[in-house]
Amino acid sequence: MSKSSVDAILDKYQHERTRLMDILLDLQDEVGYIPEESIPQIAGALGISEADVEQTLSFYHFFSTRPLGKYRIYLNNSVVANMMGRAEVAAAFEEALGIKFGQVTPDGRVGLFETSCIGMNDQEPAAIINNYIFPCLTPFRVREIVRDIKEDKPVEEMISYQYGEGQNTSELVRSMVSNNIRKVGPILDPGYKVGEALKKAIQMSPEQVIEELKTSNIRGRGGAGFPTGLKWEFCRKAKGEKKYIFCNADEGEPGTFKDRVILTELPRLLLEGMIIAGYAVGASEGILYVRYEYRYLKRYLEEILENARKKNYLGKSILGKEGFDFDIRIQFGAGAYVCGEESALIESAEGKRGEPRDRPPFPVEQGYLGMPTVVNNVETFCSVVKIILNGGEWYKSFGTAQSTGTKLLSVSGDCRYPGVYEVEWGFSVNDILDMVGAVKQQVQAVQVGGPSGSLIGPDEFGRILGYEDLSTGGSLIIFGHHRDLIREVVLNFTNFFIEESCGSCSTCRIIPVLLREKLEKILNARGVSKDLDDMIEWARLLKASRCGLGQTAGNPVVSSIKNFRHLYEKMLQKNKDYDAGFDLLAAIQAGAEATGRVPLV
Amino acid sequence: MAEVVRLYIDGKECLARNGQYLLQAARENGIFIPTLCHYDGVKPKGSCRVCTCKVNGRLMTACTTPIAEGMVVENHSTEIEEMRKAIIELFFVEGNHICPTCEKSGFCELQALAYRYRITAPRYPFLFPVKRVVADYSKIIIDHNRCILCKRCVRAIKDSNGKSFFAYRRRGQHIEVILDKQMSEQMSYETALEAEKVCPVGAIMVKRTAFLVPIGQRKFDKMPIGGDIEKNKSF
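Chains A and B, in that order, are what the protein sequence lines are. Under my numbering, the first residue of the first sequence carries the number 1, and numbering increases by one thereafter. Under my numbering, the first residue of the second sequence carries the number 1001, and numbering increases by one thereafter.
Please note that a few of the clues may not be correct.
For the chain B half of the interface with chain A, some residues (derived, Cβ under 7 Å), not all of them [as the list claims (entries may be wrong)]:
#, residue
1, 1043
2, 1048
3, 1052
4, 1054
5, 1081
6, 1085
7, 1086
8, 1090
9, 1096
10, 1158
11, 1162
12, 1167
13, 1168
14, 1175
15, 1178
I should point out that these hints are in silico values taken from the structure, not numbers from a laboratory. Even glycine gets a Cβ: it sits at the ideal position worked out from N, Cα and C.
With the hints as constraints, model all of the structure from the sequences given.
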């Protein structure tokens, strides 16, 4: 990496310190890692310290200052990947390459690493190799891939099987990823016509647009469920010389992949929603924050933005509406689940560590660069387009009184038809199991809402999906009776939270580690019943964390103890409630027997 | 004159100036709320969670919560105080805190809070992490065994251009404080002393200054932490 090519990247982003993420991403893509010697150069150009560069760089999973090889293989380690045969695939990689995970081959050509859920739960085990997705891996396929690597084939030519369907086959995507859309509703409706809603929106006043959303009762689809109309209104009324619209496409909750399908099949719908938001809020810039794992969509999304500019959906005086100027840029993440939290997302887009901010102030008051900012989920923006087109009353005709509209579900695990389903709010878990081809007698548990949601058993399958009962960002993972819930699921999720904690709050940084110690103790048959009480008690402290990640990091443990206590109790030591830590008699027993002495304890 | 706000802390009516954070408002009303990551005059970060209160029924950190008219705060309840004690204990198992051999003993806010909350032994198992002691800077030593990751040094110690000397590296349980190598060489002796003072524990120590103040004559040897705020309280 020459000094001048680093300079070229720095020039591209005009030496702007808020673009540090993009600078590092470009470097990482070009060189395969971020050379140590480039750090002083970046720091100097941006007017920050070297430590500042390092603190952003070292925060993100996909940035590295050590060479990771010409071929960088990241194999997903999520629960469902394991269920679908990851162990065999992982062993095949290690054997064929002669290295362990976390290592680079001695010739420096291939690196093998683990990574958290990559949004491919319906086609696991899956890996990312140099930003290309390799779904549905088998040991055989692994040997083919390694053979190709040894022959020095370019990664784009290693796609020996077919491309996925829909836009995955398009010139600019060319991916093996499948959409697996199993049920369409008003949002996924393939009859969508670009621009209709926007044309209608700009005939209305911004206040009328917001009013329509309020009528529809739509709430945020990311999981927290804040009323969208209210959020936009707060932002519209907030004082600021510039306002921003953020789309949160940092879909990182394990088991969620519906945003990936929207980004692939209906990106124009999403952009139209953002543009309408820009109009309603009075914003001039939009930022689409996409997780690094979806970087294979980069060229495709950029092309669509470019076309939107040509057609004047973006730019100055959009569709002839005087004074309505709005443009969108894409910001990629670099591997951090916590950036799905809206304020961490904003920090990241400013080129910083993805640490959530203290609230208040909320992003609608002081968000990106201190300016009023709306952050909404991909699905929320898509829903807005349909609301403007058909009216808030129409939208209310779907779903329940408290949860209006439809919801995209990402279904995976032990069922016949994993994929994306658009359903009205109000479906019960039973309905969903029937819909996705899961045999109810064989279902032990369902994880609703990903690791931060809850693990429920058959006695709760009558509960309904909605903000009033089982609130969810849309992830449902089904576990059959043959799954070891504690070892395969709870431990995996707890490890996920440990891995993805930003480390800012004491509680979220430390307690999940302590919970894991206890889990391992129980799994190693050393547990006592007090351990269960301790875990519940300690997990309660997590509620004092700053953000949703920390507050829910104990949920896998807590909800599994609540709903599957018998699984834990089976593993506990019998007739022992309390662990003294050190058992003197047991410790000296062998010695006492050997010498024939009787201890006086 | 600033607008006066009325709030209620543990049922006591308190008056404070609008724009203040709950922590300052409580202090000015003679109410102690424990803190570790807070440092007067530095923008709060709310990372240690020790000042957690229940504000209008929700858990909030006092150092980052602006006061509002009619706010109802639960501070000294059993639930909240137990929670804080449990959080303070977390720091003792996360790092390696050996008070009897620590030069900061008596000045250490973590130790002082442990005394105040009558902690004899933490309820959690010790994690005994392997941490580094970095002594190759010219003026200071960073002992990561004692660092509680409060970010006070990162937020408070800056050069004339506003650049921070300290930063975080990595994330989660692997997070650690680093000192910019280049800037550390230009760090003045006064800045080094300030960094030591800003550190609530013994993680940042200026070389060749240990035990300048003898044990027994140190800040918390004379008065328990919070004693200056609760002037009328007997311990």
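If you check each hint against the structure, which ones fail? Structure breaks hints 1, 4, 5, 6, 9, 10, 11.
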